[in-house]
Amino acid sequence: MGSTCQDNKALKEKLIKNVKKEVKQIMEEAVTKKFVHEESASITSLCAAVEACVSHGLKRRALGLFKSSSTTALLHKIAKAFQPAANVVQLIAEVENCDPNKRSSSSGGSESASKLGVKPPLQKRNSVATMKYLWIRLALIEKHLAKIVDYIVANSSKYYEKDALVADPDYGTILSSLLVGPCALDYSKLRTAEHFWTDPPADELVQRHRISSGQFPTPASPPAHKRPGLHYKGSTGFSNSDDNMRSKDYVESLHQNSKSTLLYGKNNVVVYMKDGSEPLAGYLSLHQCGEALLLKWTPNQLMNGCTETGVHDKSVYWEHALNVAVHETVYVHCHQGPESDWIALVGQDGVQRPPIHFPRGGHLLAFLSCLENGLLPHGILDPPLWSQRGKGKVFPKLRRKGSSRFHTSTSPLAREESTTEDLVSEKGTTDFVFRIVYPNFTRTYPQGKMLEDMLEYPVWQSSPSTPKSSIPPTTPRSTPLHSVSTTSSTSSSRSLDQQCSVQEPGEPIQVVCQTMKKQIISRAFYGWLAHCRHLRTVRTHLVGLVRSDIVKSENPTDATQGLTEEKWKELQVSGTVDMKEIYRLVYFGGMAHSLRKQLWPIMLSGKLEGEDPEALRREYEDKMSEWLAVEAIVRQRDKETMAQNLAKLSSEGGNSSDPQPSPKVLHTHESNEVFVDAEETLSSEPTEGNRNQKLRSVESTTASPLKQSILSEKRAENGDVVNIKASNSSNSPREKPREVSFQADTPVFFDPSPNKHDDDDDSDVSSGGESPVATRGGVYSNEILESFGLNLHRIDKDVKRCDRNHWYFTESNLDKLRNVMCTYVWEHMEMGYVQGMCDLAAPLLVILDDEAIAYGCFRNLMERMSANFPSGGGAMDAHFANMRSLLQVLDHDLFALIRQNGDYTHFYFCYRWFLLDFKREFSYDDVFLVWETIWAARHIASADYGLFLALALLAYYRDIILANSMDFTDIIKFFNEMAERHDAKAILQIARSLVLQLQTLIENK
Amino acid sequence: MATRKKVLLKVIILGDSGVGKTSLMNQYVNKKFSNQYKATIGADFLTKEVMVDDRIVTMQIWDTAGQERFQSLGVAFYRGADCCVLVFDVSAPNTFKSLDSWRDEFLIQASPRDPENFPFVLVGNKVDLDNRAVPQKRGQQWAQSKNNMPYFETSAKEGINVEQAFQTIAKNALAQETEVDIYNEFPDHITINNDTRNVRSDNCSC
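Protein chains in written order, with the UniProt record's numbering: chain B, 1 to 1005; chain C, 1 to 206.
One chain only, chain B, in its complex shape (with noise of 0.2 Å):
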């Protein structure tokens, strides 16, 4: 008994231990690679160690289940009781339910649904191992482990026999405790060959597209062309406020996967960069996907780029990742100096990649016979690496001259090579310059080869003022054509025709020359042509678009700072404050933010002096108490509909054989339609309370008091018009809910305020006079007051969920959103509440934070926003015809490709962007920015501005959607991901150059 005793503990004790060394190796692993990959070893190891604890005295037969795994039924049962446990048993099903094909993925990058891609192949693998440990590896991947062993050690007198492990009072708790750290670590995950399938999110194609693009970077500048161009580069500068992922996944399509095979691997390698900045060591890499081979190298501060401790910007890292398709190389220059060995690839387009430094020792010969094998079958090295018995691959036996002579007749790189040569190396080191060639292409090679010579050597024979050995290695051989495309063309074909009859040129190079000449000719033509076909265009549509001034920003003063307060206590102690350099500053830069609360109202009004606060107040007050009256109104009635609603049903719900069909029963009350919803009503009677509270606050603040409590009802003299008036009596319209009885088609009269009563008939308080209700006390219809309810309805279940994670809408402050809300629409029954005013009306209020003062504002937006609205006066049909006059002057390649896909030429993609002022595709704080500039820009630059933001955004991610021929959907998909994670000041920075492209080009005409 003793001695089993002791073994047990023993045993217990050997588990514990087990399970101690794998976490530390699993929290080892997340430390030093900085990510514990999913389908690591030690994942799988820790999962067994857990497995052995927790089957360890298991009451099998208290489960009632044999199995094979019997931890899995134990889990089944403890699902019932404990949630995560549930979670983890749902999991389970759906991945054994899944086939080994069959991927659940989905777009809006869920975490468990694109975990579920990567099981089946675990399972294929290691079918029987993966299974058994599949709950303990699923609750350990979703951070549920820990939580569900607490549980089992908390309930484990139910399930385990007395001396288990889990039983155990010390052991029990240490287990669980030890596995809290695993399930803190965050599991990655590779990209499954299925994924391909599926459309990549706007994040990976951001992120593939910095990568590709990264070489070259463009900086985003507002073109200055002498000419206007027709078409704008895509000036791509990103923000990368999650580069830290972007990095990690990066890194790890660097690893070997299912779609490349990684062919060869170094780390420290050094790339010094063409501009001569710091040299940078990085990992460099070899793939081969599929038939291509691709060459990779990435700055070591991007490989372990997750936690690194600088907050700088990684971007510059990102322009220098190379990224390059060997089949693109056609040269490989090698060069081994004492420090370093380096290459130097050379592409079809003769430019040269950055100088890439191996360590020495034999490094790069290792670079070159994995390149030279990757090659295989298609393509070759020339010369070949020679092979060597016992040694492997050597470099081939060809003295420096020797591999100089191999090119210098036929390229003029091989010449520049030889040249660095003599200066550099004189210490008796070998140069190789290495032809990738592509047996099966060799047909074509020669004659491209010939064309290009062709055409560098008049050039060089023209200008003899350079002398041949002194070319600079510089210069690029597209030299002459590079002049065509610059120069006017029938000059530079003239000149061109020129050269070629300098040199004694044979049949072939004449005729080549001549068609070449042709096609120069006509290319100018067309793109002449289609600059005036583009010109007519504008003309015609859209020089209504711009204004014809031109503003700047450097006159008088530098505008690119914006409206900051110094310049505004400036202006103002100047007395030079006026409205347009208000509007110049805040379009070129904004405003500080601390004035917008001052100067939006002034803004939007168009008046330094602003609107009037104090009438403001009285007039949105006087509304307010209109419609409020209305409300309690509409919620009495809704009362009254509502407990005659519940009363059938009840009564419908007890005789269950009632034949007759629901909409009908519905339908017998169909007056009241509009009313029934009966949850608005049961959750507006916790809050009828506020409703009175609010009563109160217009009461004290309004110089007309009112008492909004019903007090007699009588037919006025047509009899059939009730007749409600306010008084001072103390009933509150709650406790006299009885008194009116309402009837369908029975227009109410409603007076607020008695004592005015009299000279209410000819007096038209309100400055609107649009709105059917305006006058204070009024004949309110049946049909006003259904309207106003089925609106208030519609508020109420936007606002309740409008901008709920900005730390601005508190429940009271909802209230007021409600507020102005309401009172906007009981202004303007005609439009009614559409959906969008929301999120139209809350930047104001979160700005102003003042009800009256943001309703102001809200109704000066409204008046050029209300027409985007269905309904409004159909300008988002106009905005769509704009845009597609805009792209086809401004961006060609991306118009035709949206004519290409056919189905969005009618733009509906935007169609958020311009109902709402982009408000929902920025951040909160960007909003602001956008919004002042746009309101800004009116006076400055367009009256349609947001028109330039939108072919701004456009513009900003041209190149990604042309990489990836977006059609409609694609679109749409992407943008919808890229809301409010756009870089606000770089689009409008793009915007502001596209207004002034097309002022430039009306102003040409």
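Incorrect hints may appear among the rest.
List time: in silico SDA-like cross-link candidates among lysine to any residue, alpha-carbon distance up to 25 Å [as the list claims (entries may be wrong)]:
| no. | chain 1 | residue 1 | chain 2 | residue 2 |
| --- | --- | --- | --- | --- |
| 1 | B | Lys77 | C | Gln164 |
| 2 | B | Lys816 | C | Gln164 |
| 3 | C | Lys31 | B | Glu94 |
| 4 | B | Lys20 | B | Asp203 |
Don't read these hints as lab results, they were simulated from the structure. Note that this is a predicted model, so its numbers are computed, not measured.
We have chain B already, so just place chain C on it with the hints.
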């Protein structure tokens, strides 16, 4: 490999504002519920790959704005739909009453090949709430009267019945499928069957 076909099913979710269309979609695709969703403006969609009768299909689930004022946008988004999900809130009878109009509007705007047999699925959402106002029987009766469409009572919040509803949606949509050859570079111009509607090939005449 080269003969592998990928099936894309376009599913449109319709219903009054606030019935939980966005929540349903996100619960199904992302297995998440959030009370932070904003009113949908314009349209959004998520995709999910599912297994239906041993075939992998990609569901493209479109979430639309709920206010009837935005129905005119439908033309742009409804085109080529394979199934339409009508959603109402079991605690709000109004949302149940507008089902007819949503269904009619969809049929007008999407103008499916065979409107009589176009697959609809009815979903009564928010069954987790206590203040239920539309009895199950009514939902069933309505669904029955409309060509016997399937009816599900769900809770996007609790994840009740969501999976089942969408499985049925996928199944019914598949009967109506539009095959797109993913290996073709220009899938938009290929129509597999003569009788299948040519979803995107109609060149915009505007």
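Outcome of the hint check:
1. Lys77/B <-> Gln164/C: It holds: about 24 Å lies between the C-alpha atoms, which stays within 25 Å.
2. Lys816/B <-> Gln164/C: violated, 41 Å
3. Lys31/C <-> Glu94/B: holds, 12 Å
4. Lys20/B <-> Asp203/B: violated, 38 Å
Checked against the numbered hints given earlier, this structure breaks hints 2 and 4; the rest are met.
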